[in-house]
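Undergrad: Assemble chain B onto chain A, guided by the hints.
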Amino acid sequence: QVQLQQSGPGLVQPSQTLSLTCAISGDSVSSDTAWNWIRQSPSRGLEWLGRTYYRSKWYYDYAVSVKSRITINPDTSKNQFSLQLNSVTPEDSAVYYCARWHHYDRYFDHWGQGTLVTVSS
Amino acid sequence: DIVMTQSPLSLPVTPGEPASISCRSSQSLLDGDGHNYLDWYLQKPGQSPHLLIYLGSNRASGVPDRFSGSGSGTDFTLKISRVEAEDVGVYYCMQALQTPHTFGPGTKVDIK
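Those protein sequence lines, which keep their order, are chains A and B.
Each position in the first sequence, counted from 1, maps to that position plus 775 in our numbering.
Each position in the second sequence, counted from 1, maps to that position plus 3 in our numbering.
Certain hints may be false.
Unchecked claim - Result set (DMTMM-like, lysine to aspartate or glutamate): computed pairs, CA atoms no more than 25 Å apart in a straight line: (1) B/K82 - A/D884; (2) A/K842 - B/D4; (3) B/K47 - A/D880; (4) A/K832 - A/E866.
FYI, nobody ran anything at the bench for these hints, they're computed from the structure.
Extracted from the complex, chain B is given alone in its bound form:
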């Protein structure tokens, strides 16, 4: 199975400031078609996870443009350009390359 790791695991943020989360996979998520099969999900308190980013850098429908994803191979980053109060929750990366799909441990983002 592909092992996913994230850092940091906890991220206190100040509204209006940028934030960044790192995700690493135990093997490359770059497929032969040139796509990186890495998704980012946000789970807000009391809710199911929902998709933010797919294919490493594509924002899902309705996701604000302050969210961006980057990276390739085994190293990926989720950035929030200016954090808003509604962005609190736990952020997960997940490899979509193969089953079993595996998730990172999550990064809990809260307001300082």
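Next up, chain A with everything else stripped away, as it sits in the complex:
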């Protein structure tokens, strides 16, 4: 049974870096799938942020809206992946989810529990 366990701070100061981790159990971060970050806010709804996946080498795709500020990193030693979002503003306040992508039929089949992140001083 695949489970995704998120961790990270719920409060980030403006201009600082938001950092979240998604620990994977029941699958491997290097498996034939993709690992995603999605956020949800009242103003923007559900917004896909980016993904990483392994196909002989690591690939990364990011949403244009955050491309200059985002990094998603896999960690094979800990079987997890992370999100870093730099230079945050209050507009980045949201519930952040990690999610696994079913590669062949194309859907998000497993989601983390969500982390509410508030950007405020």
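TA: Relative to the frame of chain A, chain B by itself:
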């Protein structure tokens, strides 16, 4: 980016009665392989979204058969044949054709 719209945005329902949600995409989700890359998710209060329907009409594992998806190209529908109290929440369609994957604004279903 592909823009997803849904209607209605709010849907009060009576238990035992049918319900229907419409989803439209700004471009066709029908791929060259013949599949429509449209998913439906339900987010129950206080929970993460979970998959109901994929490829436009395929029920995910464990999803009751009162849920059905239909449509092709740019127009899709989610139907609940007989609504139950546990079906309350927000329903989202999402295009799975290309990144960035984009979601509809959601349809909030609650009991009258």
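Undergrad: Could you run down the list of hints and mark each one as holding or not?
TA: Here is what the structure says about each hint:
1. B/K82 - A/D884: 21 Å, holds
2. A/K842 - B/D4: This hinted pair holds, its Cα atoms lying about 15 Å apart.
3. B/K47 - A/D880: Roughly 23 Å between the alpha carbons, so the hint for B/K47 and A/D880 holds.
4. A/K832 - A/E866: With Cα atoms ~33 Å apart, A/K832 and A/E866 exceed 25 Å; violated.
Of the numbered hints stated above, the single one contradicted by the structure is hint 4.
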